[in-house]
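Let the sequences and hints guide you as you build the complete structure.
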Amino acid sequence: MTQIELRGVQKWFGSNQVIKDMNLDIADGEFIVMLGQSGCGKTTTLRAIAGLETIDEGDILIDGSAVQHLKCSDRDIAMVFQSFSLYPHMTVYQNIAFPLHATRTSSADADKRVREIAGVLRITDLLERRPSALSGGDMQRVAIGRALVRQPKAMLMDEPIGALDTKLREEMRAEIKRLHVRQGSTTIYVTHDQVEAMSLADRIVIMHEGVLQQVGTPEEVYGHPENLFVAQFVGSPVMNVADAKVADEGGKVRIHLDPADPGFEFPRELLSRLNGHAAGGLKVGVRPEGILVSHEAKAGYVPLEAQIIEPLGSHDIVDLKVGTGMIRARTPSGFVPKVGEKVHARIDPAQAHFFDTGSGKSLGVRL
Amino acid sequence: MAAVKTRSEVALNRTAIVAVLVVTIIFLAPIYWIASTAFKPRHLATTIPPTVMFEPEIGPFVKLFLRRSQLREQPTQEEYEAAPWWERLVFDGGEKVVRDGRGEVQLSGYPDRFANSLIVAVVSTVLAVGMGTLTAYGFSRFKVAGEQDWLFFILSTRMLPPVVVAIPMFLMYRVFGLNDTHIGLIILYTAFNLSFSVWLMKGFIDEIPKEYEEAALVDGYTRMQAFFKVVLPEAVTGIAATAVFCFIIAWNEYAFALIMTNRKAQTAPPFIPSQVGSGLPDWTVIAAGTFLFLLPVAIFTFLLRNHLLRGMSFGAIRK
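Chains as they are written, first to last, in our numbering: chain A, -1 to 365; chain B, 253 to 571.
In short, the hints are calculated from the structure, not lab data. Treat the hints with care, as some may be off.
What the hints assert, rightly or not - Think about it this way: if two alpha-carbon atoms lie no more than 30 Å apart in a straight line, the pair counts; the simulated DSSO-like pairs of lysine-lysine are:
#1 B:481 with A:18
#2 B:462 with A:165
#3 B:481 with A:319
#4 A:69 with B:462
#5 A:69 with B:257
Claimed, not checked - Interface residues of chain A toward chain B, partial, derived using beta-carbon atoms under 8 Å:
#6 8
#7 75
#8 81
These numbers were taken from a predicted model, which means no experiment stands behind them. Glycine included, each C-beta is placed from N, C-alpha and C at the ideal position.
Structure follows, in structure tokens:
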């Protein structure tokens, strides 16, 4: 049972504040992924939980007791580094056994646990090797083994597969998920890769410039981004976002993304739901799959010209010209045969997101 | 292994081999000279041109270790025949072995001076490298206020030729009673080598990723344990290289040893030239002393040669 709680955590590097009033509750056994660009404070937060960085204000609680003044050796937390940090002068076996010697585990017991964890990670035949003789994936398995062998209260991972190539990364992602299901230890995982975050996390914590932006399940952060940053950071290709003008045109509500475009039709209830925000700055966001396309003219669909087609195999990403701007749509493969063709498109109102231009916050309007 | 292919590469390769051979011969010539002189009979030591072919003998080494004095009159036949082989060697050189009242053979000053050299060089090297490593670790891993200034200050202690302060040092040592003591020389040599050791070790420790210690810290070790269990094994290469340099400097030091010591703590360098024999300089004995003096550094360097070649244990961290 390990809960981790951050309360009002602040951290400065000189005059630069890298963690701003961070509050977070992590439940026992949860797999939390901290997602953000490099320099957003996610790694610093992780290192603060591990005890490798001090914090300037706030509390870090593990199972209800504050640990921010404890040395990291007293926190009983394990960490996997991006660089793996295997001790080069020790064999794989010695590397994995190393944390056990710190706790004065008897050598028979240590041996049993090293072999057990090596079995789980399928590295039993590598135990006598030196780290320098291992492949990237095996190094990472050893690093995870070293972290797990002590059965720590929590497991921290700092971009553990960031240094691997794509294929291996996918393999190891599945492996980490499998291990988590099996071991069930509370895990905090830091990455800048949103695919990793979506596929691994129970909940994703999105950070930007030291500020926590949103905490939620992968579905929540993808489906209901709380602000423009989250909306554009999560999801690939990036969500279309444009300044929007809402026009009430005799019974029909249209949203113009550009003075020159014919306007996208929306249900009338949008007006009441926007509640006055329509007058000020409004941004509308829609993911490429939220653009509905058709070959034939349909009610509410507007004809748009395809400017760029990116065939991705399973589907295409098509850039459609809207006035002087562009909107990206996800279409079935080969739906638009060539650049310059017109297709009929509309914004699916159910998949549209509305943001306040000034604050960037979501207006929470769901149609 | 890249195979040598083109004709110009072959030529370049051969030129390089010849150049290396020439340089090696030039470097080794004085060592050969000393080593061969140490085994020569006395009358062949100073011939011009030098004698290359001779029957090696052990006489110079025997003389090196024994206290001798000039023979006033030749030993009688009985005396000569009763003497052990090593004493006869001394008689052959026109000298005799000095004995005390009870007839015990007196040793020359060389073994003591050699031992002094070993004590002073080993202890000062251990101290300089040990303190240097800890200091370098501190500078490398922690934020030290005025770090650059401190490091410059440490380096600046090497900017003055040490001999310049020999006389003030001598006077200070006299006040503190450190003249002609092992501890006095050890302090001096440690101080000489410390700045060098700090700078060299900082370079090596900077190259050890700090993730190793961080991993050890989260693995449940204290900072000190992490230092000894993770940093030191990784720094062995640097420690070995630094130790070799410090040892050579302490081992070879002449000026201070000459000024600060005279008997009790005198090291070999000022002693060897003073042993020019009881009559004319006996170059064979001096060569023997020099030759033996050369061995510890050669052995020490040879033992650590693998560590002096860098890059053994690297590659276990992904960057």
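Hints versus structure:
The straight-line distance between the Cα atoms of residue 481 of chain B and residue 18 of chain A is roughly 36 Å, outside the 30 Å bound, and the hint therefore fails. For a cut-off of 30 Å, the pair hint linking residue 462 of chain B to residue 165 of chain A stands: about 29 Å separates their Cα positions. The suggested pairing of residue 481 of chain B with residue 319 of chain A is violated, with an alpha-carbon distance near 63 Å, which exceeds 30 Å. Of the supplied pair hints, the one linking residue 69 of chain A and residue 462 of chain B holds, its CA atoms being roughly 17 Å apart against a limit of 30 Å.
Distance hint between residue 69 of chain A and residue 257 of chain B is unfulfilled; the C-alpha atoms sit about 59 Å from each other, more than 30 Å. Proximity of residue 8 of chain A to chain B is violated relative to the hint, the smallest CB-CB distance being about 19 Å (cut-off 8 Å). Evaluation of the residue 75 of chain A hint against chain B yields a held restraint, the C-beta minimum of about 6 Å falling below 8 Å. Hint status for residue 81 of chain A: holds, given a least beta-carbon distance of 5 Å to chain B, under 8 Å.
Hint violations for this structure: numbers 1, 3, 5 and 6, all remaining hints satisfied.
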